[in-house]
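**Student:** So the chains spell out like this:
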Amino acid sequence: DIQMTQSPSTLSASVGDRVTLSCRASQTIGSWLAWYQQKPGKAPDLLIYEASNLETGVPSRFSGSGSGTEFTLTISSLQPDDFATYYCQQYQSDSRTFGQGTKVEIK
Amino acid sequence: EVQLVESGGDLVQLGGSLRLSCGASGFAFSGYEMNWVRQAPGKGLEWISFIDNTGKTTSYADSVMGRFTISRDNAKNSLFLEMNSLRAEDTAIYFCARDSITSSFYFDLWGQGTLVTVSS
Numbered sequence: 008d009i010q011m012t013q014s015p016s017t018l019s020a021s022v023g024d025r026v027t028l029s030c031r032a033s034q035t036i037g038s039w040l041a042w043y044q045q046k047p048g049k050a051p052d053l054l055i056y057e058a059s060n061l062e063t064g065v066p067s068r069f070s071g072s073g074s075g076t077e078f079t080l081t082i083s084s085l086q087p088d089d090f091a092t093y094y095c096q097q098y099q100s101d102s103r104t105f106g107q108g109t110k111v112e113i114k
Numbered sequence: 108e109v110q111l112v113e114s115g116g117d118l119v120q121l122g123g124s125l126r127l128s129c130g131a132s133g134f135a136f137s138g139y140e141m142n143w144v145r146q147a148p149g150k151g152l153e154w155i156s157f158i159d160n161t162g163k164t165t166s167y168a169d170s171v172m173g174r175f176t177i178s179r180d181n182a183k184n185s186l187f188l189e190m191n192s193l194r195a196e197d198t199a200i201y202f203c204a205r206d207s208i209t210s211s212f213y214f215d216l217w218g219q220g221t222l223v224t225v226s227s
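From first to last, the protein sequence lines stand for chains A and B. Residue numbers for the first sequence follow my numbering, so the first one is 8 and each next one is one higher. Residue numbers for the second sequence follow my numbering, so the first one is 108 and each next one is one higher.
It is possible that some hints are incorrect.
Claimed, not checked - Derived pair list, reagent style BS3-like, types lysine-lysine, alpha-carbon separation capped at 27 Å:
# : chain 1 : residue 1 : chain 2 : residue 2
1 : A       : Lys49     : B       : Lys183
2 : A       : Lys114    : B       : Lys150
3 : B       : Lys150    : A       : Lys49
4 : B       : Lys163    : B       : Lys150
Claimed, not checked - Computed footprint of chain A on chain B, listed as stretches where at least three residues anywhere in the stretch have a Cβ under 8 Å from a Cβ of chain A:
# : region
5 : 146-153
6 : 185-195
The set of hints was computed from the structure by calculation and includes no laboratory data. Quantities reported herein were computed from a predicted structural model and do not represent experimental measurements. Quick reminder that beta carbons are idealized off the backbone N, C-alpha and C, glycines included.
Use the sequences and the hints to build the structure in full.
**Tutor:** Dropping the structure here:
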């Protein structure tokens, strides 16, 4: 299976900050990467697909980049609603795998 | 409203069985491939099973292969997960999740989840 590694595990930031989350794949996955946001007690929500495509309805402060094995999710100006856990997921292979998550918490 | 609603989660004994259901509404269920994804308490997400829109093609994570069976009833807009030989490590919230219409393997719609607790 392709292993996905996210960093950092926890990120402390303030409202208005620009934050960057990283995701690394154990082998090349092209652009077959998605990002999700999950709040406590809720299901994940799709933010980004195919590494850089913003899902309909997702605020434009979210952006994704990368290809191959290195990917990033950027929030240009952190809002109170953005404090959550973020997961990357590869779908290059039929056996899809997630990263372990990055929790974005209030500084 | 476009939504998925899971049900069937329960407290079950080690080695026991359980059947989860997921009802779809607000979209053409028969046109979409579907999945089950689980999340152990305080842990990350784990994809466990896939079924194509016809129900003829399925796949499973190694962790559940041979114990879990995914199926669907397109006439009833429903997805199922039959779980046998349950282990303590199967304790989790189970989400049904829809693949994108382009059949790319990312999940564009999730249910709220149903909790399965396996206890001795």
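**Student:** So, for every hint listed, does it hold in this structure?
**Tutor:** Quick rundown of the hints versus the structure:
1. Proximity of A/Lys49 to B/Lys183 is assessed by CA-CA distance (about 26 Å); at most 27 Å being required, the pair is judged to hold.
2. With a C-alpha separation of about 23 Å, the suggested pair A/Lys114 and B/Lys150 falls inside the 27 Å cut-off, and the hint holds.
3. At roughly 13 Å between alpha-carbon atoms, B/Lys150 and A/Lys49 fall within 27 Å of each other, so this suggested pair holds.
4. Pair hint B/Lys163 plus B/Lys150 does not hold up; C-alpha atoms about 32 Å apart against a cutoff of 27 Å.
5. Coverage of the region 146-153 of chain B by chain A holds. Counting CB-CB distances below 8 Å, 3 residues qualify, and the rule asks for three or more.
6. Residue count for the region 185-195 of chain B with a Cβ under 8 Å from a Cβ of chain A: 0. That is fewer than the three needed, and the coverage hint is violated.
The structure fails hints 4, 6 (numbered hints given earlier, in ascending order).
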